[in-house]
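Asker: Build the full structure now, drawing on both the sequences and the hints.
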Amino acid sequence: MEYKSLNKKAIGCMRLNSIIWSVILAVSGVTTVGIISSNKVKIPTAVYITLGILAVVMVVYDIVVPIIRYKRYRYCIDDEMFVVVEGLWFITKSIAPIERIHQIEVSRGPIDRMFGLGKVLITTAGGVVTIKFLENELAEEIADKLKNRINNIVKDQGVNNNG
Amino acid sequence: MDKGIRCHFSSIIANTLKAVWFLIVLVAVNLSDEIVKIHQEGFNPSSTLIVIGIALGIIIVVALFNFFRWRKTYIYIKDDSLILDCDFAINKRKTTVKLSSISTVNFQQGILEKIFNTYRLQIDINSFATAEKTDFNLVFSHSVAEELKKELTKDFSPCDQTQDNAEIRTVHETKPIFEFTTNRVIKHGLLSISVGGVLFSVIMLAFTLVSQFTDVFGTEESKIKGNPITTIIAVLLVVGPVIVQSVSPFIRYQNFKIGKLGDRIVVSYGLITNRQYNVPLSKTNAVVIKQPFLARLCHLYYGELINVGMGDEQDHQSPIFCLLVNKQELDFILNEINPNFVISDIGERSPKSAFIPMCIPYLLFGTIAVVVASILNYWWIGVIVLACLLLCAISSYKTKALNILDDRAVITTGVFMRRTIIVPFGKIQIVNSKNGPLSRHFGISKGSATILASLVNMSNNIGYFPKDRFEKLFEKTLEFDSVATLNK
Chain A
926 MEYKSLNKKA
936 IGCMRLNSII
946 WSVILAVSGV
956 TTVGIISSNK
966 VKIPTAVYIT
976 LGILAVVMVV
986 YDIVVPIIRY
996 KRYRYCIDDE
1006 MFVVVEGLWF
1016 ITKSIAPIER
1026 IHQIEVSRGP
1036 IDRMFGLGKV
1046 LITTAGGVVT
1056 IKFLENELAE
1066 EIADKLKNRI
1076 NNIVKDQGVN
1086 NNG
Chain B
1242 MDKGIRCHFS
1252 SIIANTLKAV
1262 WFLIVLVAVN
1272 LSDEIVKIHQ
1282 EGFNPSSTLI
1292 VIGIALGIII
1302 VVALFNFFRW
1312 RKTYIYIKDD
1322 SLILDCDFAI
1332 NKRKTTVKLS
1342 SISTVNFQQG
1352 ILEKIFNTYR
1362 LQIDINSFAT
1372 AEKTDFNLVF
1382 SHSVAEELKK
1392 ELTKDFSPCD
1402 QTQDNAEIRT
1412 VHETKPIFEF
1422 TTNRVIKHGL
1432 LSISVGGVLF
1442 SVIMLAFTLV
1452 SQFTDVFGTE
1462 ESKIKGNPIT
1472 TIIAVLLVVG
1482 PVIVQSVSPF
1492 IRYQNFKIGK
1502 LGDRIVVSYG
1512 LITNRQYNVP
1522 LSKTNAVVIK
1532 QPFLARLCHL
1542 YYGELINVGM
1552 GDEQDHQSPI
1562 FCLLVNKQEL
1572 DFILNEINPN
1582 FVISDIGERS
1592 PKSAFIPMCI
1602 PYLLFGTIAV
1612 VVASILNYWW
1622 IGVIVLACLL
1632 LCAISSYKTK
1642 ALNILDDRAV
1652 ITTGVFMRRT
1662 IIVPFGKIQI
1672 VNSKNGPLSR
1682 HFGISKGSAT
1692 ILASLVNMSN
1702 NIGYFPKDRF
1712 EKLFEKTLEF
1722 DSVATLNK
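Chains A and B, in that order, give the protein sequences. Numbering of the first sequence is given in the working numbering, commencing with residue 926 and proceeding in unit increments. Numbering of the second sequence is given in the working numbering, commencing with residue 1242 and proceeding in unit increments.
Careful, some of the hints might be misleading.
Below, simulated PhoX-like cross-link-like pairs (lysine-lysine); rule was C-alpha separation at most 25 Å, straight line [said to hold, decoys possible]: (1) B:Lys1339 x A:Lys996; (2) B:Lys1339 x A:Lys1072; (3) B:Lys1675 x A:Lys996; (4) A:Lys929 x B:Lys1395; (5) A:Lys1072 x B:Lys1717; (6) A:Lys1080 x B:Lys1339; (7) A:Lys1057 x B:Lys1675; (8) B:Lys1339 x A:Lys929; (9) B:Lys1675 x A:Lys1080; (10) B:Lys1675 x A:Lys1044.
Simulated DEER-style distance windows between Cβ atoms [to be verified]: (11) B:Trp1621 x A:Val985: 36 to 44 Å; (12) A:Ala951 x B:Leu1617: 28 to 36 Å; (13) B:Lys1639 x A:Ile978: 36 to 44 Å; (14) B:Asn1618 x A:Ser963: 47 to 55 Å; (15) A:Ser962 x B:Ala1628: 52 to 60 Å; (16) A:Tyr986 x B:Met1445: 51 to 59 Å; (17) B:Lys1639 x A:Ala951: 41 to 49 Å.
These are calculated hints, taken from the structure and not from any lab test. We treat Cβ as the ideally placed atom computed from N, Cα and C, and that holds for glycine.
Answerer: What follows is the structure, given as structure tokens:
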């Protein structure tokens, strides 16, 4: 079983995703503090210090975490199964037999498109496993391969059932 | 059955009553303040007449809508598909379902159906998208319901069919496996009560009564304090769910019988609403054995069948196949249903090293509770919460078990209530394993196995076990073919 890593463009995509969330959180925090202080409520200095520390943590998070996530992200597809390994603190390994796949979908969000990336959503009867941050051509190639493989399995099963 | 048929006309009454009930609830919830005001100020005859007039008008409109929809709706089978064709201008729709995708066809008879001597035909489709609900609820007279059921199930796989391909018979004509007396039903109701729910209700009841009659929580300024109506409402809101939970099984599971007809399990029960489940074993994905806390202390078990696309709409649970029984009785029933589901051993327990990572989330929430309670000057409440959470952690650790057999996995989870799922490897769709820094240090992982089931049973969590157990689970899941398992 040979695991594959992602293209380095994935780091940029992960980082931009992370930055967007950080900005949303920061704007929410600043707005909340602004609303509270505009109501003549004195905010303790400790709150400002905490917010400052959180801001620094977020910046470090945006710089470092995508690199760790990129290094941890691996996937493997062979004739029998597909495996995805991902995570930061908690590493999750998801595995499903190819034979259980019901549906394959290639999806590209706005941020993915900026980096020329996409994701393959593999649906089984029990849920979805997603291979993220794949280059467009690779995503299409994986989806096609999986579709062909499933078609062959369905044909084989039909022959066996009729036979 | 090429010519379309309509549902029984009593469905118009049922749908209208349902809409009226919905309206009553809507009015009661949204206009409760106005109702209290009217009650206090007295009734105004003219405004009362207007309200009654509006209510009658709404009921007539709803009844007419249901009548025309019923008149324009036909159900028929064409080219191996079940078609529900509604040509009513306001609500035009045509639903086509392949007969091969139908998972189960069951009967239900409620009060209204009993009055009109009709049956509610519940059709479930083999689909993840609609696994949470019954796909079709159609009301017919008994003979029409039987005939339609026969047509709908004729394409079931050969092993689903009765051996003589005879008309689907009732539970009384099947090979009986087990019958539950009223005493057993009462026992089931009493021992199935959620201890957590009872404890929560007792705490909330104490809190409600103390806040109503004392100043411990500083409610002396409250307008509702000491008001008998608000006290009664608050007590009912707190105690009501426990009372309903305790009483409903007595009514729901009266005359509980389980039988077998060919490859089908036939389960029937009900005092007011008669239910009859007809579950093809080939479309059963797993069996779940449950032990609520009190039943666990008495070494009693009950079971549910996880069937593709089939769920109990009211209970949000899979069809139950037996009430609380002891281990010997459970083994006997499972042996009659399918010997593959008999388990002699729930397998290995979580290793000792699993206790620490398992405790961390409970400790985290407990600590937050202590900090918050201390800030509010009720530190003792925080300590009680922390102690309860630690108790949960210990119970959760002691409950987890895993047994990887030759052709199936036995996964046990729960905190106070023990839930064991027996699932053939061919039915497992995805296996996940997960480990954090601490569990990596101890060489253990936790995870889940997902199967095709309603949301409640889809993802089956596996506690912390050595990593190689998950590797074995991965291998076994790949080894078994889902189609081969289905046709077994």
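Asker: All the hints need checking, so say for each whether the structure fits it.
Answerer: Each hint tested on the structure:
Between the alpha carbons of B:Lys1339 and A:Lys996 the distance comes to roughly 46 Å, so the proposed pair goes past 25 Å and is violated. Distance check on the hinted pair: B:Lys1339 and A:Lys1072 sit about 23 Å apart at the alpha-carbon level, within 25 Å; holds. With a C-alpha separation of about 17 Å, the suggested pairing of B:Lys1675 with A:Lys996 holds against the 25 Å cut-off. At roughly 48 Å between alpha-carbon atoms, A:Lys929 and B:Lys1395 are farther apart than 25 Å, so this suggested pair is violated.
For the suggested pair A:Lys1072 and B:Lys1717, the alpha carbons sit about 24 Å apart, so the restraint of at most 25 Å is met. Restraint check for A:Lys1080 and B:Lys1339: the C-alpha separation of about 20 Å stays at or below 25 Å, so the hint holds. The straight-line distance between the Cα atoms of A:Lys1057 and B:Lys1675 is roughly 18 Å, inside the 25 Å bound, and the hint therefore holds. Under the criterion of a C-alpha separation no larger than 25 Å, the hint pairing B:Lys1339 with A:Lys929 is inconsistent with the structure, at around 41 Å.
This hinted pair does not check out: B:Lys1675 and A:Lys1080 have alpha carbons roughly 35 Å apart, beyond 25 Å. In summary, the hint linking B:Lys1675 to A:Lys1044 is supported, as the alpha carbons are separated by about 22 Å, within the 25 Å threshold. The hinted range of 36 to 44 Å is satisfied by B:Trp1621 and A:Val985, whose Cβ atoms lie roughly 39 Å apart. The beta-carbon spacing between A:Ala951 and B:Leu1617, approximately 29 Å, falls within the hinted interval of 28 to 36 Å.
As the Cβ distance of B:Lys1639 to A:Ile978 is approximately 40 Å, the hint placing it in 36 to 44 Å holds. Roughly 30 Å separates the CB atoms of B:Asn1618 and A:Ser963, a value that falls outside the hinted 47 to 55 Å. One distance hint, 52 to 60 Å for the beta-carbon pair A:Ser962 and B:Ala1628, is violated here, with the actual separation near 40 Å. In this structure the hint that A:Tyr986 and B:Met1445 lie 51 to 59 Å apart at CB is violated, the actual value being about 40 Å.
Separation of B:Lys1639 from A:Ala951 is about 44 Å and conforms to the stated range, judged on CB atoms against 41 to 49 Å.
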